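Trainee: Listed here are the chains, written in short residue letters.
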Amino acid sequence: DAGVTQSPTHLIKTRGQQVTLRCSPISGHKSVSWYQQVLGQGPQFIFQYYEKEERGRGNFPDRFSARQFPNYSSELNVNALLLGDSALYLCASSGRTGGYNEQFFGPGTRLTVL
Amino acid sequence: GIQVEQSPPDLILQEGANSTLRCNFSDSVNNLQWFHQNPWGQLINLFYIPSGTKQNGRLSATTVATERYSLLYISSSQTTDSGVYFCAVWGKLTFGKGITLSVRP
Chain A
1 DAGVTQSPTH LIKTRGQQVT LRCSPISGHK SVSWYQQVLG QGPQFIFQYY EKEERGRGNF
61 PDRFSARQFP NYSSELNVNA LLLGDSALYL CASSGRTGGY NEQFFGPGTR LTVL
Chain B
115 GIQVEQSPPD LILQEGANST LRCNFSDSVN NLQWFHQNPW GQLINLFYIP SGTKQNGRLS
175 ATTVATERYS LLYISSSQTT DSGVYFCAVW GKLTFGKGIT LSVRP
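For the protein sequence lines, the chains are A and B, in the order given.
Going by this note's numbering, the first residue of the first sequence is number 1, and it counts up by one from there.
Going by this note's numbering, the first residue of the second sequence is number 115, and it counts up by one from there.
Pulled out of the complex, with its shape left as it was, chain B reads as follows (with noise of 0.2 Å):
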């Protein structure tokens, strides 16, 4: 099956740093997705994006798919943004492992 890895495992920023995560894959795929999960466990939906570039405010997402990898930017980053974050592919959307952010004060 397709092999999601994402890094780093651990992230620890400073109030209003920039961020990039990394989210690579084994095999081509039309379906990826980038959730932030908050402690209760619910999964958000932050992007859906196969391919491209796309923004949400602070933050935006980069797939290139040829290269197998997608980014996900948080510029300015607020305590709000603490909490792990997940991408996962088609391939019976398969996840990584997460990156765990914690945005200190």
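Isolated chain A, as found in the complex (with noise of 0.2 Å):
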């Protein structure tokens, strides 16, 4: 079986653009996590994501906003980029929401900020 896919695998951005980041969870999975990770540090979360409501939200921006589909898919969106949003973002999914379920994670984007 597929793992979590993410799309695109890079992407390089001027400040002030916006982007969108895609992600496909593991088959039967209904939960999507996204994180962003800067380089030296742990990911950090931004949002979860169950049966298309959103579960939680990280010390994130406005300027962040995610979505989830009915196939369980999901986009993250970052307007008015900014430097500090070079990172690597990591989408995670899980069979449920909540403790007590194990996360996948995808490969990650690689955005760069110029």
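Simulated from the structure, these hints should not be mistaken for lab results.
Nothing here was measured: the structure is a model prediction, and the numbers come from that model.
Virtual Cβ for every residue (Gly too), placed ideally from N, Cα, C.
Worth double-checking, as some hints may not be accurate.
Unchecked claim - Cβ pair distances, simulated, as ranges: (1) Gly166/B x Glu54/A: 26 to 34 Å; (2) Gly130/B x Arg22/A: 41 to 49 Å; (3) Glu54/A x Tyr183/B: 29 to 37 Å.
To be verified - Short derived list, chain B residues pointing at chain A, Cβ under 7 Å: (4) Gly155; (5) Gln156; (6) Leu157; (7) Tyr162; (8) Phe200; (9) Lys206; (10) Phe209; (11) Gly210; (12) Gly212; (13) Leu215; (14) Arg218.
Stated by the list, open to error - Simulated coverage check for chain A against chain B, where a stretch passes if three residues somewhere in it have a Cβ under 8 Å from a Cβ of chain B: (15) 5 to 17; (16) 33 to 44; (17) 88 to 94; (18) 104 to 113.
Hey, can you piece these two chains together into the complex? The hints should help.
Mentor: Below, the structure is given as structure tokens:
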């Protein structure tokens, strides 16, 4: 079975632009979470979606938004890009929301903002 | 929120040596995972271990939830074990800062 997939793999944008990142969960998984990992740090939680509803939000500005589609895939949107948004963006899927569920990560999208 | 501390921050081993990586967390949790991040950024699941002990080949892990810590053991280390090891606990899957392991031939 395919694991979590993300697209694109790499992306270069300039300050002020907008970007959309995509994630497809493992087949049968209904929960998708997004994380930002800057160089030298651990991933930071951005959003969790379950059954198309937002179930959690991390400490990120309103420039960050996300949604989940009926097929459980998800998009992360970032508006008005800043240099500090340069990072590896990771998507994870799990079978359920809340505790007692193992998260599986995709390969990530590496975003560079110039 | 939950605080996750990993130690040591860096570890250098000779191939064949054993090592213990530690993860302390500040509150009770019902989800703890260990990951290995490869040089390309992929997070590879090692263990899902909210409590108890598990083993997978040369790797094993123990979580003592009542004392709020988890240990990852690597035996007979190989150069391919090099990379960054993260533990993460539920609380919006809060990650530690990671342990950078370098195994020298």
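Trainee: Find the hints from earlier in the document that the structure breaks and name them by number, from lowest to highest.
Mentor: 13, 14, 15
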